[in-house]
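Residue-level listing of the chains:
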Amino acid sequence: MNELPPQIQNQLAQLQQVQQQAQALIQQKGQVEMLLRETERALEELKKSPEDADVYRAAGELLIKAKREDVLKDLEEKKDNFDVRLKSLSRQEERVQQRFNQLQDQLKQALGKMQGAGAGAGPRAE
Amino acid sequence: MATAPANEDEMRELVAKAQAYQQRLDLLQQQANLVQVSVEDVDRALKALDSLEGQETGHEMLVPIGAGSFVHATISRPGTVLVGLGSGVTVERKAADAKAIFQSRRTELEKVLAETTGAIGQVGNELMRLQQEAQKYQQQ
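Protein chains in written order, with my numbering: chain A, 1 to 126; chain B, 1 to 140.
Hints in this document: simulated from the structure, not taken from any laboratory.
Be aware that a few hints might be false.
What the hints assert, rightly or not - Calculated cross-link-like contacts (lysine-lysine; reagent style BS3-like; alpha-carbon spacing at most 25 Å):
no. : chain 1 : residue 1 : chain 2 : residue 2
1   : B       : Lys111    : A       : Lys48
2   : A       : Lys78     : A       : Lys67
3   : A       : Lys65     : A       : Lys48
4   : A       : Lys47     : B       : Lys136
Claimed, not checked - To give an idea of the chain A side of the interface with chain B (calculated C-beta under 7 Å), a few residues:
no. : residue
5   : Thr39
6   : Ser49
7   : Glu51
8   : Ala53
9   : Tyr56
10  : Gly60
11  : Glu61
12  : Leu63
Just so it is clear, the structure is predicted and the values come from calculations on it, not from any experiment.
For glycine and all other residues, C-beta sits at the position ideal for the given N, C-alpha and C.
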């Protein structure tokens, strides 16, 4: 790393940063996907339950009785929110991936030029 | 000797690949353990439902409060179960419906477990192949 020109070191650092951003986004996306699946399943199962079934909402360790319709509405809202967040994260992921590819190409070109210059300088040095 | 730098590069690549496979393997094993814990949790619920079948109102039982301790309780609504659906929602269902929900969850979890175990096998084999290849390079 110390032997590399500062410009390439800088590009490499940027590439690593973008890679970390991409990993963080993938992790966030995974979590939102999981929450979305959980909400969809809860919604599906609640819709299958009889209309007069007692429904409870968790409040810490307590379960508090709630109206089935209210809980259905809350779950629909939750699902919509997760959908929006997931789309936004996918767009961000796409942008970061593009930036990563761009930086990777730039770095490859810079390294190629450096190697070419090194090979050209070899015989002259002798 | 002329091929030494190429070998070093290949060796570095092999080591990096092996590390990535090892990380993937660790993650898959963690996932399999979590799924196994969930299967056991569902089994405990199914077993409890079987034990409660046929019990009538007023039947005495002990409810665990943690630390191996219990409080006295009596069944007030026999044949009904409060089933957690996820997302902080719990619904009262007939014991038979609750059993069907748990059995369906178990089937789903077993499917995930089988897929994860299959992936562990594949990643494990690939990791072993990479390690053997790395050993060959070292012996050269």
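| 25 Å Cα cutoff - pair A:Lys47, B:Lys136 | violated (60 Å)
| query | Close enough to count: is the Cβ of A:Gly60 nearer than 7 Å to one in chain B? | reply | violated (10 Å)
| said: Tell me if the interface restraint on A:Ala53 is satisfied: Cβ within less than 7 Å of some Cβ in chain B. | reply: holds (5 Å)
| message | Check the hint pairing B:Lys111 with A:Lys48 against an upper bound of 25 Å on the C-alpha distance. | response | Judged against 25 Å, a Cα distance of about 23 Å means the pair holds.
| request: Verify the interface restraint on A:Thr39: the C-beta must sit less than 7 Å from at least one C-beta of chain B. | output: holds (5 Å)
| Hinted contact A:Ser49 with chain B - closest CB pair below 7 Å | holds (5 Å)
| field | Pair hint A:Lys78 and A:Lys67, alpha-carbon separation not exceeding 25 Å | value | holds (17 Å)
| query | Given A:Leu63 was flagged as interface, is its beta-carbon under 7 Å from a beta-carbon of chain B? | reply | holds (5 Å)
| task | For the pair we were handed, A:Lys65 and A:Lys48, check the Cα-Cα distance against 25 Å. | result | Given that 25 Å is the threshold and the Cα spacing comes to 18 Å, the pair holds.
| Under the criterion of a CB-CB separation shorter than 7 Å, is A:Tyr56 in contact with chain B as hinted? | holds (4 Å)
| task | Against chain B, run the beta carbon of A:Glu61 and see if the smallest gap drops under 7 Å. | result | It is violated, given that the least Cβ distance between A:Glu61 and chain B is near 11 Å, above 7 Å.
| said: Tell me if the interface restraint on A:Glu51 is satisfied: Cβ within less than 7 Å of some Cβ in chain B. | reply: violated (11 Å)
Taken one by one, the earlier hints fail for this structure at numbers 4, 7, 10, 11, listed in ascending order.
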